[in-house]
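Trainee: Sequences are here, hints too, so could you generate the full structure?
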Amino acid sequence: MAGFPELMSGLQTVLTFTNLTWLLVGVVVGLIVGIFPGLGPTAGIAILLPLTLGMDPTSAIIMLAAIYYGSMYGATVTAIMINTPGAAAVVASTFDGYPLAQQGRAGPALVMQAVASFIGGTVGVILLTMLTPTFAQLARSFGPAEFLLVVTMGLLTLVLLVGDNKLKGVISALLGFAIATVGVDLGTGASRFTFGSPELISGVNFVPIAIGLFGLGEIFYVMYTGVHRKGYKVVADVPGVPSSGKADDGASGDAEATDDPRAEGVTTAVKPKTAFWPSRDEWSESKYTFGSSSVLGFVLGVIPGAGATVASLVAYSFERSVSRVKARFGKGAMPGLVAPETANNASSSGAMIPLLTLGLPGSASTAVLLGAFILWGLRPGPLLMVQESDFAWGLIASMYLGNMMLVVLCILAIPVFVSILKVPYRILLPGIAVLCAVGAYSVNASQVELWLALVFGVVGFFMKIHGYSPAALVVALVLAPLAEDSLRQTLVISRGDFMWILERPIARWLLILLVVIVLIKPATRMLGLAFGTGKRASSATGGSVLDKVSADGDAPGVVEPRGNGDGGDDEPGAGSGDPGSDR
Amino acid sequence: MIKIASGAVFLAASVAYFVMGFNYSFYTSDGRLGAGFFPRVVGGVLVVLTLLNVLMDLRARQADEANAYWKDLGIIGALMFAFVFVMQLLGAVPGMFLFILVVLHLLNPGRWVTNVGVAVGIPLFIHLLFRVWLNASLPIGRFEIPFLS
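Just so you know, the protein sequences line up as chains G and L, in that order. First residue of the first sequence? That's 1 in this note's numbering, and the numbers climb one at a time after it. First residue of the second sequence? That's 584 in this note's numbering, and the numbers climb one at a time after it.
These aren't lab readings, by the way, just hints derived from the structure by calculation.
Partial chain L-side listing against chain G, Cβ under 10 Å, derived:
#: 1; residue: T611
#: 2; residue: L616
#: 3; residue: G619
#: 4; residue: N698
#: 5; residue: I709
Fair warning: this is a prediction, and the values are worked out from it, not measured in the lab. Every residue gets a Cβ at the ideal spot worked out from N, C-alpha and C, and that includes glycine.
Mentor: Shown next, in the form of structure tokens:
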């Protein structure tokens, strides 16, 4: 079968003590990054990127990719335990995960999410193995026009399909484009917007910007919402996790250190100890969900810009419409947790296809991952699978092993990871802040980049609270050079005639896809209105699927200490509609 | 108001970017796209959209969030800027130690043992991880304090 001989060779690459060690480090860090409030996979990968500079490229990318998909597992822990999605991709997991925890089923919910994530991740990697050679072959027939269209498609999906405020999404993406024009223009050799600074000649590095937007910006946002004072409401009923009935026991950002009246009502809810494993009925209710959500998640992951958030929400919606326990959705139905968990992990494998074969990131996390590839001198694209076959297949093989490690770690070490939530955020905050600063500095030992991270931390904070999309900015920043080059080459080849694009068969299909992307959301809304499904969706989860992305889609490590995630985008504590950050 | 102000900042930045884009040629002498093509096109669209954005925000004007922790945010934000200065002056480890100690003193008052433990432990861990183990760069400061920079 296509891809499997290459996979075997990839396994040989990854099965060394060094690579396995870094893989283990990556999955553990990913889990912790997912669980840590105020630290999402984008910031996690960006901060740890400098640490990999002394490593072998394959080990480095294996570790960074493990942080990416490992964080999907970790982020759900907070979604279930404190109703706070640790990543936008697990927003849908709060709909039924948190009610399950409130009913004393946190243990089974956490086990089921680990199994669902494993199945989704593994099915996704199997599909990735089978389809990558085909996609790579297809990508080799891509010219500049096709690349230009795919870049446009990725950005449009990010902005139109998953963004909260389209206008602000487009502005964010254009800001990314604008920042990317700083430095020497490779087409003409002119220095643009460098203001005489030698540090800016090679352009603005995306790492400090990602650290600023997603690391420091998130810290500022968390402070703005007051989590450092109020803490979280932890549902402590997981076997092995010590629970307490007092709010001031030091658990979960305790309130006693403040006299702030707004800190009232912070409690650690105590539930009776319950079973650790899901019941037979829960397995039975979810058995078909694993398969359908895996395929759905993978397919949506392949579309640049759609990513894990859309995949998880669409899978949730699909499951809600076909499940035999649909009446319990939103109130603690296990398939309602299994569907988004399976889909978001399958989609993180799917997202590797455009990343590896076209060099196109679909989210901020994969954009930073792409930046890491480039930092290592690896240019993802049509030729990567040929020229760096060992590396590419080693990475894919490592994802099989990484998912196995994650499911074992998740089930065996749930109490340990849940305990992380008991560290008060005010203690974590300065540690995360210094890590961000050190990470931003150490890529190029540059003071300018340190300041840049700080400035973009402030920018990211304001973007987040006012509904802009930091994810669109980072993705555009990474894609802009490719877009500019492709546009130039297309115009040269076509002699300025854009109609020439229509003569190319693949470009024609891509154009049709672009039109579909532009029309899909209005069409979905119209269909919803026509069939009256919008109301039902609202009653279960507070909004229709894609609207739910807008209302709740949040940036990495988003902390929303109150309510059920149904606030408007301008309220502190509510989502900012930036699911492209994925995560 | 803050929302409108942030929109206005983006508008100002867009105008500046668009205007500066005119320093670069739109086309090269052989008729290809010049260095100013992208800045002018992107800048022009940005100016229009950010202006529209400010106008829309003005129309839907809302009161600023009353329950937000602006004071804490302002203090920690200022401390972060101070931290970067101190780190440039004294080096990474002393800078991190002072920053963490001051932040914890404000957010976690009266718990000196915990605060000092965290303030010593985290910089030490980062120093060992970045400098010693991975040989990565950390700010060394003006005085280059032995073992700590």
